[in-house]
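As a plain string of letters, each chain reads:
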Amino acid sequence: MARKPDMTRPRQPGTSFKGLKMTTPLLRHRIASALLTSVATVLAAPAFAQAPAAPKIDAGDTAWMIAATALVLLMTIPGLALFYAGMVRKRNVLNTMAMSLVCVMIVSLLWAALGYTLAFTGEGPILGTLDRLLLRGMGMEAVNAAAKTIPESLFMLYQMTFAIITVALVSGAIVDRMRFSAFLMFAIAWLFLVYVPLAHWVWGGGFLMTFGLLDFAGGTVVHINAGIAGLVAALVVGKRRGYGAENLAPYDLSMAVIGTGLLWVGWFGFNGGSALGAGSRATMAIVATHLAACTGALLWMLMEWHTRGKPSVLGMISGAIAGLGTITPASGFVLPWHAVIIGGLAGVVCFWACTSLKQRLAYDDSLDVFGVHGVGGTLGTILTGVFAAGAVSMSADLPGGSPGLLDGNPGQLWIQIVGAAVTVGWSGLLTFVILKVVGLMVPLRVSDEDERVGLDIRQHGESIHA
Amino acid sequence: MKLVIAIIKPFKLEEVRDALTNIGVAGLTVSEVKGYGRQKGHTEIYRGAEYAISFLPKIKIEVAIPSDRVDRVIEAITSSAKTGQIGDGKIFVTSIERAVRIRTGETDTDAL
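The listed protein sequences derive, respectively, from chains A and B.
Going by the numbering used here, the first sequence runs without a break in its numbering and finishes at 497.
Going by the numbering used here, the second sequence runs without a break in its numbering and finishes at 401.
One chain only, chain B, in its complex shape (with noise of 0.2 Å):
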């Protein structure tokens, strides 16, 4: 089992959500972000009082899949949440050890 996470930008998410829903992932947990990368940040102006703004708003997906599958859900996002701009965000893949469904107390790839 694996667990995919991807940093995207936010009004990718819908696409994303749409892409994975088509090769059938049937989950996913999403949290509002902040962070920076190659993209830097902004600068905002008060009254003069210039701020750097160097954590930009971004979305973090987590899917957990069977290790089999981990290729066309990169795949599905990398497509996805594709602009060609800096700040597209990143993949990352780790192992899962275990897994439970908790209202059945299903174990491990029949709880994905």
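Chain A on its own, in the form it takes in the complex (with noise of 0.2 Å):
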């Protein structure tokens, strides 16, 4: 753990890890530990300072955020719509980028109109108050309780992409089949039914929040949630035509690639900005975050090779999204190492659920929203309880930050496990009712013959003639 101190900045006394020797592992621990806590102590002062006074809106933080917003919503369009696409079969191509669209039109609208106020106003355990029903009373020097140095508009808009990604994320399961009238009315169900509440458990004052649960950026709320949606929809739409028999081979993986690369560099505004301010806790879950992509792209791809002998590039890709996705509950929590091994689990445990966790339960979830966000996000949400680290979380409301199991802390992995638990009990069973009762109203798949053709022509009269 030798570090070269910066020499090019004025260093804090106490910060230092010159002349550091390393005895046992546990002791290393330790003196890292140690070292680190009177790091961040330091890091933190100017937040103590700032804390008694009335909050006032910062204009770094806003700046960020103002970024931050827009990285989110880039990871949907084009970002996830081009990594979705890219996978699909060419028949399909618009009728998947289609689904990450609508996503952000509708989910945009009702957020603002109600999701928002229902998700992250007042502190009730189950949901929060009409308070911002419509945005009424969102003036022009209003914050929201939980980041009170940036402008209560940009707070909404910034937890607004948040919504649209995640709905948009299910529709990875279902896509080649569901009918795109079928997925908007499960979008709006599911925004409001699970999404709004979740997000207030977690965020927003709700049970899981005063309960302890710690996510920071959504291993609960996007991941886990998304990821078990996208399950129980695959389950209950059923499998695409010819699964198993015919060739669904991806039509063009180097649009999948490129929207790695979108989903990547937006995942700096996904996990960056859930620190709500432009600071060292910021560039922290960025660190955590990057290099917990690239290992889990890199244990992906060495996994395959080992096992099918090539390492593919929809291996690459899968792993850093794996990767990006396992860190998130954890970002904002742990030391850059723990992301690199928390990257690397990602690559690991998320490759053999796509392989052969899904050939021994032959689901047929056609992007596999499951073996990814959904495997990978309860990974990452457990290991946050392991790893989790003092010293990146403290502030003044906080000065002991929020330890894991490694920091003294082993009650957090509990808590860990229950937060996770609740979030798959609950997305789970809503999924399936909200699917069951739309299966009602309307035919959830297209029909045999439309499947056949496919839904670019059929759901949308146009197809890319590439």
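The set of hints was computed from the structure by calculation and includes no laboratory data.
Hints are supplied without guarantee of correctness; some may be wrong.
[As the list claims (entries may be wrong)] Take a look, some chain B residues computed to stay more than 10 Å from chain A by CB distance:
#1 Ile334
#2 Arg336
#3 Ile342
#4 Ile391
#5 Gly394
#6 Thr398
[Claimed, not checked] Straight-line alpha carbon distances no greater than 25 Å define the calculated BS3-like cross-link-like pairs of lysine-lysine that follow:
#7 Lys323/B x Lys121/A
#8 Lys298/B x Lys323/B
#9 Lys329/B x Lys341/A
Built from N, CA and C at the ideal position, the CB exists for glycine as well.
Mind docking these for me? Both chains are given alone in their own frames, and the hints should help you get the complex.
So, in structure tokens, the structure goes:
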């Protein structure tokens, strides 16, 4: 752990790692924790000075959060649209993109009208209030209690982009066969009945937040949630025609690679922005995010190379997304080397889920929303309870930060497991009910013939002609 | 008049074209096709899902020539398209009943 001090910047006293002799791993960890604690104390000092003052909108925080909001929107359009569309067959490329696009339109409007106020105002254990119904009362000076240094309009917009991508993620499980109108109805109901309550429980002051669940940027709310919903939707909607018999190979993986790049970079805003300000916690989250993406991609590639003989590009990008999804709840709580391990585990476990587990359980989750996001989100939520280092998350309100098992707080692991289980239960049950109700109004699937001809031409009257 | 149809490996197209130009063939038609023969196909794996790709991409060349030049054309294609590996392709020869050059209305060998 020999680090070179950065000579270009003035160093705070007590932050030097020089002359540290390593003995046993345990001692090394203790020493590292102690040193980092002192680092974080120094870094957190300005926050101490600010806290008692009345909330003041900060230009730096606001600038970063505007950028982060744009990055997260970029993850859905065009990031996820390209990532998903590159993995379907040529006849369904536009339909797949349409699902991401329509999530942006519908979720944005509904979030501003009702979703935001139910998720992020008030501190009821189950749901928020209607104080910001249709954004009423959101004036120029307004701030949300969760982010007092940025305008509330920006906080609302930032959280909106999370709702958008979570609903859009689910579409990957049912592309190639779900009727567009049925997906629209599902998306609307799912936003209000599944996403909004979970966002409130975990981030908006609800019961999982008061219970102490650590979820920095959406391991439960976004990834477990979308992953479980994807699994249930894949089971309820049913397999694609010809699954296991016909060639369902991706149309253009180069599009998926471009989409992965946009998702990867956008994730800096997703996880880094979840610090809700421009500071060292945001940058530590970004460091963790990037390193986890790298080890996730690398380990998936190596696993595939070892077991299948070739390192596939689809494997590399799948591993990157697995690493990113898995580090999401932990980023902002863990140190960089924790992120390397979490990303690596994501690469191995999600590879196993998308290949062995999927074949054994014989479900047809078209683009592996469950195998990547559901499994990765669960893994990451639990590992947050293992690796969380108090030093990374300490603040004026929480001087000790949020430590996990390795930092002397084994109880956190149990909280994480309960939080993941609640998310799995709620998302799974409600997704099932919503799909059954939507299925009573309109068939969930397109006809066999439409599926054979392609959803682009039959659902949208267009084709890519490439 | 004969129509020589050759199925060849895609990367051999330029060599075949040069060989035919060298013996004075004035034009040919090329299409991208798929098919299988002894070469069979290959498997592709996407996140553990294996697909057998049984139709491989090939190039189909069609050359219309006077009957007396058939042997030289076949020889030119054979020598230029050959790698010695399975999958080098095949040549088929059929008779042409009539030919017309659209611009001038010339017919048969004058049209080739």
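Structure-based check of all given hints:
no. : hint                : result
1   : Ile334              : violated, 6 Å
2   : Arg336              : violated, 5 Å
3   : Ile342              : violated, 7 Å
4   : Ile391              : holds, 28 Å
5   : Gly394              : holds, 36 Å
6   : Thr398              : holds, 40 Å
7   : Lys323/B x Lys121/A : holds, 17 Å
8   : Lys298/B x Lys323/B : holds, 11 Å
9   : Lys329/B x Lys341/A : holds, 20 Å
Taken one by one, the earlier hints fail for this structure at numbers 1, 2 and 3, listed in ascending order.
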